[in-house]
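Go ahead and model the full structure; you've got the sequences and the hints to work with.
As given, the protein sequences belong to chains C and U, one line each in that order.
Throughout, the working numbering is defined as the position within the first sequence, counted from one, plus 454.
Throughout, the working numbering is defined as the position within the second sequence, counted from one, plus 16.
Hints are computed from structural coordinates only; laboratory data are not their basis.
Misleading hints may appear alongside valid ones.
Restraint-style ranges between C-beta atoms, simulated for each label pair [unchecked claim]:
hint: 1; chain 1: C; residue 1: Y706; chain 2: U; residue 2: L89; range: 52 to 62 angstroms
hint: 2; chain 1: C; residue 1: G615; chain 2: U; residue 2: Q22; range: 27 to 37 angstroms
hint: 3; chain 1: U; residue 1: L138; chain 2: C; residue 2: F513; range: 47 to 57 angstroms
hint: 4; chain 1: C; residue 1: S675; chain 2: U; residue 2: C47; range: 54 to 64 angstroms
Which stretches of chain C does chain U cover? Using the computed rule of at least three CB atoms under 8 angstroms from a CB of chain U, they are [as the list claims (entries may be wrong)]:
hint: 5; stretch: 536-550
hint: 6; stretch: 581-587
hint: 7; stretch: 593-605
Where a beta carbon is used, it is the ideal one built from N, C-alpha and C, also for glycine.
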Amino acid sequence: MIIFKEAHGRKKIIIIIIIIILYCNKTRSYSSSRHEELKNKPILESILTVNNLTKKFGFLAAVKDLSFSIEKGNVYGILGPNGSGKSTTLGIILNVVNQTSGDFSWFGGTTSTHNALKKVGAIIERPNFYPYMTALQNLKLVCKIKDVGQDKIEEKLALVGLQERRNTKFSTFSLGMKQRLAIASALLNDPEILILDEPTNGLDPQGIHQIREIIKKVASSGTTILLASHLLDEVEKVCSHVIILRKGEKLYSGKVEDMLATHGFFELKTADLNALVTLLNNHASFGKINQENGLITAFLKEELDALTLNQYLFEKGIVLSHLVKRKESLEEQFLTLTNTPTTINKI
Amino acid sequence: MFRLLQIEFIKLWNNTAGKLLIISYFALILCMALIAAIKFDIGPIEFHVADQGVFNFPYIWHLNTWIASGLKLFFAIVIVSMMANEYSHKTLKQNLIDGLSKKEFIASKFLTVFSFSLISTLFVFILSLVLGLCYSDFTEISIIFSDLEYLLAYFVKLIGFFSFCLFLGVLVKRSAFALGFLILWFIMENIAIRFLVWWLVGKEASENIMRFLPLESMSNLIKEPISRFKAVKSMVAQVGEVMNKDYAVHFSELLIVGSWTGIFIYLSYALLKRRDL
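Structural data, given as structure tokens:
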């Protein structure tokens, strides 16, 4: 910088040119090293990689510096309270919302986004179809857009149980049927990944059950699934991996079981509480021990099953009146992570 | 390209209202043939339009394209709703998610507009040819196929106008409002800009500027043919006026409308690209 200030006229131009050349070289070497990196990629097939994604609506940042990746064969859940940026994130990766900064790539970045989307099945919020067209006509149109043959239509209609209604106009469908048609349409190309945004929102219990059954069926066939939801039990039941968002920031991403307390905890009751607490404190497997209303909660540091513990305590002369081994629920974990006071639930 | 046209065809043809409007548009063009049937028979005065030379080659090319282009406003409803419906049904979003790129989306709409303009031009050509062969006083090949530039002007005019409608559909997102905006734009061009410039600079400058505005340049492509008609001409001559009007289609006018077409399609694409859906 100092050199630059002192230089005049022609020298200044030369310095600028040198800087440009240096910069070009740098970016070139960067891109070639990136290329090497892609070549030596691990065997895990990456479906989607998101790097430092940010989306601002005016001053409000809906998504902040979000990075994650999705590998083939897993079922992912995006969890977060309302307004945490789930739908915005999905909108960006699905090409309908423009990101402010950051990037994402489908299938290792080998194809353009819209071509990649032909291998993706996605349902965002409410099902959108042409109301004046029948179920069959709508699905035929989707086939044309995705550039696939129409031979799968009947099979997928059967999967979601809409075969009898195939020649009825979309506008006459109930919400549950619309949602099921959307799933059929998303599956038409036998997608590599199925993306669902709040698929059970606004459905009655029967509808919710039907949709979950379909999702389970699809998941069991080995399709990768990305499920955005604020319904925890939904995610807990279906997903193997989870990404937790709050106010556009990633709080956690990884396996569901890693997120739940690693080894669970025991709830114990006995006549002589103090003896039990001392015994547990000296046991190598236990970490934190809480005592509340005559109930002892002992958190495990390593795996230990109830049978072994019971036998051990019995040998030491302690007879239990209550023994339960539990894992923390996703809900408890989620609330701790998103910093919402759990006491509200207890009232 | 064929795939994009097919996509748009499925969307349009399964829409009863859209189908009805398209069919009636072509039916209305067909109704031009009915001019031939106009006959006054008031005692001693017998007047048959078809015998007055309106269907003479090459005048018929000018007359028919001018009348047919008046019907384009009717078809604008189809074009505007074709675009605006994608927004109101939110199917635009779904199309993009299903793997249509924004470029392909605009391309499919433009291709549809292009095909409709082409079909409409062919339709007018065949209709005029048939009418001319029935009623024209001259049927030499060289005369029949002279002045065909009116058909080219008609084609360019339709594409330009429909592209404008497409752009309004993208901009306003609601078909009724977009049509309202179209009328508002017409009033603005013809009253606000024309008279503002007239008042500020003068009549000549006003006319020069008007030539470059989208709707005015489109209507300039094919000038009104009525005053060119022999009977009208002789009437004017009787009053003692001499009319020297230029009826030809000029290349510069085609270029202006062509540029507007490009601008509207590009703006539609740029707008779509910038928007979050």
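Going through the hints against the structure:
About 59 angstroms separates the C-beta atoms of C/Y706 and U/L89, a value consistent with the hinted range of 52 to 62 angstroms. Between C/G615 and U/Q22 the C-beta distance comes to about 29 angstroms, which sits within the given range of 27 to 37 angstroms. For the hinted restraint 47 to 57 angstroms between U/L138 and C/F513, the CB-CB distance of approximately 55 angstroms keeps it satisfied. The supplied range of 54 to 64 angstroms is met by C/S675 and U/C47, whose beta-carbon atoms lie about 58 angstroms from each other.
Here's how the stretch 536-550 of chain C fares: 4 of its residues keep a CB closer than 8 angstroms to some CB of chain U, so the rule of at least three is met and the hint holds. Chain U is given as covering the stretch 581-587 of chain C, and this holds because 6 residues of the stretch bring a CB closer than 8 angstroms to a CB of that chain, at least three being needed. By the rule of at least three residues with a Cβ nearer than 8 angstroms to a Cβ of chain U, the coverage given for the stretch 593-605 of chain C holds, with 7 such residues.
In the structure shown, no violation is registered for any of the earlier numbered hints.
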